[in-house]
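**Q** Sequence:
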Amino acid sequence: MMPDPSAIGSFEWSELGKLLHNLWFYLALIVVFAACMLTAIAIIPSLVSTRHLPTAASHFSFTLGLAALAFLGLGITLMIYTENVARVLGRFYDRWWI
Numbered sequence: 002m003m004p005d006p007s008a009i010g011s012f013e014w015s016e017l018g019k020l021l022h023n024l025w026f027y028l029a030l031i032v033v034f035a036a037c038m039l040t041a042i043a044i045i046p047s048l049v050s051t052r053h054l055p056t057a058a059s060h061f062s063f064t065l066g067l068a069a070l071a072f073l074g075l076g077i078t079l080m081i082y083t084e085n086v087a088r089v090l091g092r093f094y095d096r097w098w099i
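In terms of this note's numbering, the sequence shown is residues 2 to 99.
Some hints here could point you the wrong way.
Across the chosen pairs, the derived CB separations fall in these ranges [to be verified]:
1. G18 <-> T64: 28 to 38 Å
2. A8 <-> T64: 43 to 53 Å
3. S59 <-> A29: 24 to 34 Å
4. I9 <-> F63: 44 to 54 Å
5. I44 <-> Y82: 54 to 64 Å
Read the hints as simulated data drawn from the structure, not as lab findings.
Note that CB positions come from ideal geometry on N, CA and C, so glycine has one too.
All chains should be modelled from the sequences, with the hints used to inform the complete structure.
**A** Here is the structure:
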């Protein structure tokens with residue numbers, strides 16, 4: 002039988018706050034990435050092909066795709082950092098698999 006989780010100190014609360022902020026920021030980055038990719042791959046080419054947008058707008062699609070890849074890179078980097086911050090959970094709760 003495992004012991005009960007220990008008390009949470011101020012350092013752990015601070016790290017848990019960072020963890021939660023990072024997770025919410027990660028969610029926002031992935032939503033922005035998905036919106037940029039959807040716009041770059043589906044919406045802009047469709048509007049250009051139906052001539053609702055001028056053909057010069059298709060150049061913006063490439064730029065928006067690069068911006069989306071930048072958001073994906075930020076998301077991956079943030080998740081790696083968040084994984085390191087999440088190690089604080091082991092200080093007060095040692096049961097990773099319930």
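**Q** Confirm or reject each hint.
**A** Each hint, compared with the structure:
no.: 1; hint: G18 <-> T64: 28 to 38 Å; verdict: holds, 36 Å
no.: 2; hint: A8 <-> T64: 43 to 53 Å; verdict: holds, 51 Å
no.: 3; hint: S59 <-> A29: 24 to 34 Å; verdict: holds, 28 Å
no.: 4; hint: I9 <-> F63: 44 to 54 Å; verdict: holds, 48 Å
no.: 5; hint: I44 <-> Y82: 54 to 64 Å; verdict: violated, 32 Å
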